[in-house]
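Engineer: Quick mapping for you: the protein sequence lines, in order, are chains A and B.
First residue of the first sequence: 1, per the UniProt record's numbering; consecutive thereafter.
First residue of the second sequence: 1, per the UniProt record's numbering; consecutive thereafter.
Treat the hints as calculated values from the structure; they're not laboratory data.
Some clues are possibly wrong.
[To be verified] Part of the chain B face toward chain A, derived, beta carbon under 8 Å: (1) PHE55; (2) VAL123; (3) PRO125; (4) ASN126; (5) LYS151; (6) THR152; (7) GLN153; (8) TRP158; (9) LYS160; (10) VAL167; (11) LEU171; (12) GLN177; (13) ALA184; (14) ALA202; (15) GLN204; (16) GLU205.
Treat the numbers as computed from the prediction; the structure is a model and nothing was measured.
In this text, a Cβ means the ideal position worked out from N, Cα and C, and glycines have one as well.
2 protein chains.
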Amino acid sequence: MADSGLLIVVSGPSGAGKGTICDALRARFPQVHYSISMTTRPPRPGEKEGVNYYFTDTAHFEALLAQDAFLEYAKVYDHYYGTPKQYVYDALARGEHVLLEIDIQGAMQVRKHYPQCLCVYIVPPNRQVLAARLHGRHTDSEEVIAGRLQKTQAELAWMKEYDYVIVNDRLAAAIEQMEAIIRAEACRCARNGNTLSRICAAYQE
Amino acid sequence: MADSGLLIVVSGPSGAGKGTICDALRARFPQVHYSISMTTRPPRPGEKEGVNYYFTDTAHFEALLAQDAFLEYAKVYDHYYGTPKQYVYDALARGEHVLLEIDIQGAMQVRKHYPQCLCVYIVPPNRQVLAARLHGRHTDSEEVIAGRLQKTQAELAWMKEYDYVIVNDRLAAAIEQMEAIIRAEACRCARNGNTLSRICAAYQE
Chain A
1 MADSGLLIVV SGPSGAGKGT ICDALRARFP QVHYSISMTT RPPRPGEKEG
51 VNYYFTDTAH FEALLAQDAF LEYAKVYDHY YGTPKQYVYD ALARGEHVLL
101 EIDIQGAMQV RKHYPQCLCV YIVPPNRQVL AARLHGRHTD SEEVIAGRLQ
151 KTQAELAWMK EYDYVIVNDR LAAAIEQMEA IIRAEACRCA RNGNTLSRIC
201 AAYQE
Chain B
1 MADSGLLIVV SGPSGAGKGT ICDALRARFP QVHYSISMTT RPPRPGEKEG
51 VNYYFTDTAH FEALLAQDAF LEYAKVYDHY YGTPKQYVYD ALARGEHVLL
101 EIDIQGAMQV RKHYPQCLCV YIVPPNRQVL AARLHGRHTD SEEVIAGRLQ
151 KTQAELAWMK EYDYVIVNDR LAAAIEQMEA IIRAEACRCA RNGNTLSRIC
201 AAYQE
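Generate the whole structure from the sequences, applying the supplied hints.
Structural biologist: Right under this line is the structure:
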């Protein structure tokens, strides 16, 4: 039997490069998948059930909540968003790695439910670099950018709760670090009970 | 201030490829150094003080032992061999990584003195591969090889005490895994208190 895949929780400020790094990781490791959230908000044009989200209604979501069926969830305005345990656990059992891009509150909820998850915090090297990236995207107003910078400063106190920190100074180096983390964790003894047993058996023969 | 370097403890049966993997690692990371042991056995022709060993006499070695000055030590026949803490700790404080190729008993002693060390066990995939490698070296008698195989089988029960296991099936892949472990551990939050503080400060400016 193969050992369980890795549940990789990735957090960091907007503009840290999380999406780019996670996409690169998926391209390099075919066994890495994004987790799909469940939400009660209606689908937007083009969004597909089971691809972008699992869409459901509030009654069903709350029934699942009562069954403790989520790794993490949040209510944003009137809508619920959550990560169903079942889909993630099924993928991990198949030996696949699951990527969860999520905020700090979500990450800490996931860790409570699944302590062996791998929490990675991605952060630009300093405030100036983050500000430059947010300006460069041309998507946020000055006010929104100022808000993001302030929020990031407050959030950094949580970095030490993560397993790994990647300082995204040069993108190629950050991707390499993320890749190294996955490769290294895949040979951690604590995660490889079945592999260790298999090796022991291979020396009895 | 830089964070401390890594103390990398490498164990595994003779013929596992430890030396080759460690040499490759040194070639790729200039900040990786081999630890130098202290011994009471006399130098052999060509051996140099401070390069192959630190040579000393029994009285001095035992005085150091009484001061708990070794990360690990063993007495083999009439001679002591040990890893002096001071040299290792000085190198780690300079941010260098120190490699220690050592047996299981030694590794467990090191872990007791320095729990944040990184213990890596390197093992060929099965008994047949190990036997073939030992035969291929043409250095050991049939009897010695049989003894090594039996010892390895007994030692594998200790694998789970290590942080990482590298199954050395293909050398290039094993070297990559070792490299990934070093790169990953270098961005572990628990090892990077100073780096985390520096990032926090870089967001205050």
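Engineer: Now tell me if each hint is right for this structure.
Structural biologist: Verification of the hints:
Violation of the interface hint for PHE55/B is found here, the shortest Cβ-Cβ separation to chain A being roughly 36 Å, above the 8 Å cut-off. Interface restraint check: VAL123/B against chain A, minimum CB-CB distance 6 Å, threshold 8 Å, status holds. Restraint check, PRO125/B versus chain A: the minimum CB separation of about 6 Å is within 8 Å; hint holds. For ASN126/B, the suggested interface contact is upheld, since its CB lies about 4 Å from the closest CB of chain A, less than 8 Å.
Hint status for LYS151/B: violated, given a least beta-carbon distance of 11 Å to chain A, over 8 Å. This hint holds: THR152/B has a C-beta 6 Å from the nearest C-beta of chain A, less than the 8 Å allowed. For the restraint placing GLN153/B at the interface with chain A, the shortest Cβ-Cβ distance is roughly 5 Å, inside the 8 Å limit, so the hint holds. A distance limit of 8 Å between C-beta atoms decides the matter here; for TRP158/B the minimum to chain A is near 10 Å, and the interface restraint is violated.
Given the 8 Å rule on beta carbons, the hint for LYS160/B holds: about 5 Å separates it from the nearest Cβ of chain A. The restraint placing VAL167/B at the interface with chain A holds, with a minimum CB-CB distance near 7 Å, inside the 8 Å limit. Proximity of LEU171/B to chain A is violated relative to the hint, the smallest CB-CB distance being about 15 Å (cut-off 8 Å). Interface hint status for GLN177/B: upheld, as the beta-carbon distance to the closest one in chain A is roughly 6 Å, under 8 Å.
A least Cβ separation of about 4 Å between ALA184/B and chain A falls short of the 8 Å threshold, and the interface hint therefore holds. Here the hint on ALA202/B is kept, as its CB sits about 4 Å from the closest CB of chain A, short of 8 Å. A cut of 8 Å between beta carbons decides the hint on GLN204/B: the least distance to chain A is about 7 Å, and the hint holds. For GLU205/B, the suggested interface contact is upheld, since its CB lies about 6 Å from the closest CB of chain A, less than 8 Å.
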